[in-house]
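In order, the protein sequence lines correspond to chains A and B.
Sequential numbering of the first sequence, starting at 0, is according to numbering that gives the first Met the number 0.
Sequential numbering of the second sequence, starting at 0, is according to numbering that gives the first Met the number 0.
Worth flagging that the hints you see were computed from the coordinates, not collected in a lab.
The reader is advised that the hints may include incorrect statements.
Okay, the calculated bits of chain B under chain A, using three or more residues with CB under 8 angstroms as the criterion [unchecked claim]:
| # | stretch |
| --- | --- |
| 1 | 87-95 |
| 2 | 100-113 |
| 3 | 186-197 |
| 4 | 218-229 |
| 5 | 265-274 |
Covered stretches of chain A (chain B as the covering partner; in silico rule of three or more C-beta atoms under 8 angstroms from a C-beta of chain B) [stated by the list, open to error]:
| # | stretch |
| --- | --- |
| 6 | 76-86 |
| 7 | 91-98 |
| 8 | 271-281 |
| 9 | 292-303 |
| 10 | 306-319 |
Pairwise CB distance ranges (calculated) [unchecked claim]:
| # | chain 1 | residue 1 | chain 2 | residue 2 | range |
| --- | --- | --- | --- | --- | --- |
| 11 | B | Glu-89 | A | Tyr-138 | 29 to 39 angstroms |
| 12 | B | Asp-200 | A | Gly-70 | 52 to 62 angstroms |
| 13 | A | Lys-261 | B | Tyr-87 | 20 to 30 angstroms |
| 14 | A | Met-336 | B | Glu-46 | 31 to 41 angstroms |
| 15 | A | Met-336 | B | Gly-203 | 54 to 64 angstroms |
All C-beta atoms in this analysis are idealised placements derived from N, C-alpha and C, irrespective of residue type, glycine included.
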Amino acid sequence: MKQHRKVALPRYGEYNCALKYIVEQGFETECILPPPLSRRTEDLGARNSPDLVCTPFKTTLGSMIEALEAGADTIIMVHGACRLNYFGELQEQILRDLGYHFDFINLSLFNTGKKRDILRALRAINPRRSMIRAGRSLYEAARMVEHLDDTTSFYYQNCGFDPTGQYRKIYWRFISDMYAAQSLPDIQEGYRNAVRAFEDVALSKPPDPIRIGIIGDYYTVMDPFSNLEIEQKLADMGVEVHRLMNITNDMLRNSNKNKQAKIREFSEFSMGASSTTDIWQAQNFAERNFDGLIQVKSACCMPETDIMPVLANLSQDYKIPVLYLTYDSQTSDVGLMTRLEAFYDMVEMRRKVTL
Amino acid sequence: MSEQKMPMIGIPRAMLYYRYGPLWERFFQVLGVSTLLSPPSSRGILEAGARLAPDESCLSLKMLMGHVETLIGRCNCIFIPRYSNYGYTELFCTRYEGIYDQARNIFRSSGQRFITCNIDAQNGFPEAKAFEQFGVELGFTAKESRRAWREASRALEQRKKAEDRSQKELAGKPGIKVLAAGHSYILSDPYLGKPILDNLDAAGVVTLRADALEPETARKACARFSPTCRWIVSEEIVGGVLLWKEKADGIILVSAFPCGPDSMTNELLIRRIRGVPILTLVLDAQSGMAGIETRIESFLDIIRFQKGAMV
Ligand code: SF4
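Start from the sequences, fold in the hints, and give me the full structure.
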């Protein structure tokens, strides 16, 4: 076991601030942040991955390579639904075949449904640290994630109506505060500052703005680089952008235990991974009379593909237009912009007709 | 046809039918429920399925939806069981979880009834209990359903044993041996995998199959080789490859475009297995057998060359 590790996790939206917090504060271990995702990350990942694997696999692999280049000697990979359980094992093999030397902590190995395996996973990261400290850092990081998600939701619902450009600055200052936070008070203060600063900006928002709801797979919809900043692009067109899909809603708060029952007409059982949450959210947006829905999914994503017939029926029943977007490494900014503009025009036109 | 005259249950001859067919059929038979099996796969069925299913679906799902279509209006309800898991770390491809609801949505306007049996051990429905509940839903007593299930699972076990036996016989034969690895609903499908197997036959090659092996033995082999692989079916295929590869002169990995689990397990196999030539064939809805024959031919040439060089 190494005395001094340099730990990295692949990039995932801005959630790395919370992951960094756990590694540093909970395990008192150095955390290497991989560089922000870029075309290079994507190319590195795509070049070394099997073709038909979903884009998040490729992107996280690329980010691991960049983390190793940046000096990390230990990589931690998370697990989750669908193929994600298997990401780690294959990614480790690919990295070793590329000739990298490193320790790999694959949390999927410990994901057996037994509590003691969770403890084993924590020990693998740093055996000398107290479990109480680790537990507390998990709790505090969860608060950070909640603040991050709440702030992000608020930001994209409103930034399109800020004529001053202040919103963007406040948001990014908040993000960098989260990366710098070393204690719960730091987290709370960063959050309070952002809330206060937002309040000071006068928005010019119409009483009934165009509202679009976004759903999609766990990675692509939450990672602005992967979805080519779809939320910012829509907001800049003057749209109130809503995305319920985030870690807070789906994992921490889980306030809707009866989602499946509410959507049973469309889907009696879970159709895998993000499906139930997505369908429920789509229905929720539709019931609240949103102007449109956008499904953001990675190429080759199974559950998101499988729910497309459900979304089609939902769209018909609620008379809500749906834009289906599939992202792979070929998807371009320009191409996306064209489709978003066309969708926006259509949605705006429908309003005029129905008025 | 009047409601009464129609068979009770329609069964699509696709996807998990190739794995659990004997079990389902025996279950219905013991209970005295009439069934209608969709016709063998054909180009027409696949094309219909490709039209109905989302574009980006895998070939197997498209084929399934094509089979469902042939049953619409010809039976009281169409049976699409939902195989989700056998336990916390014993999972199936997420696609199997969604096919029942997906079919309900795709064929919503037809008014066709669908029925499922929900196998979800994580939520209290291991296979035996799921089928008991299913039997009760069909109007039988719990006891009758349990009996039917017992007989049905025995039927499946017997078939597995027979496959395992004939496989061992094949392995003892002389001549060049090729190990075909893929989902049984690909390899055994008369329109998808069968032409490949026929091709190998015609070339005078003995074809072993990775999916014809006692499941428990195969999964154990896979667990050592790839501990985080948790798709039961993929584990069996990977395990089959590991256990038969010594006997084979070459391995052909056959998969459906764009199969989620295969995209990963096949990559791992290619990276970790040394010393046996491997050919990967990915079947999709458009290209059919074109090009595949030549690839098999040159693969066999390589094998023959290697064998010749060794003698
Ligand atoms: S295992 Fe592959 S081929 Fe089978 S349903 Fe899943 S994605 Fe399709």
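| task | Could you check the structure against the hints above and give me the numbers of any it violates, in ascending order? | result | 3
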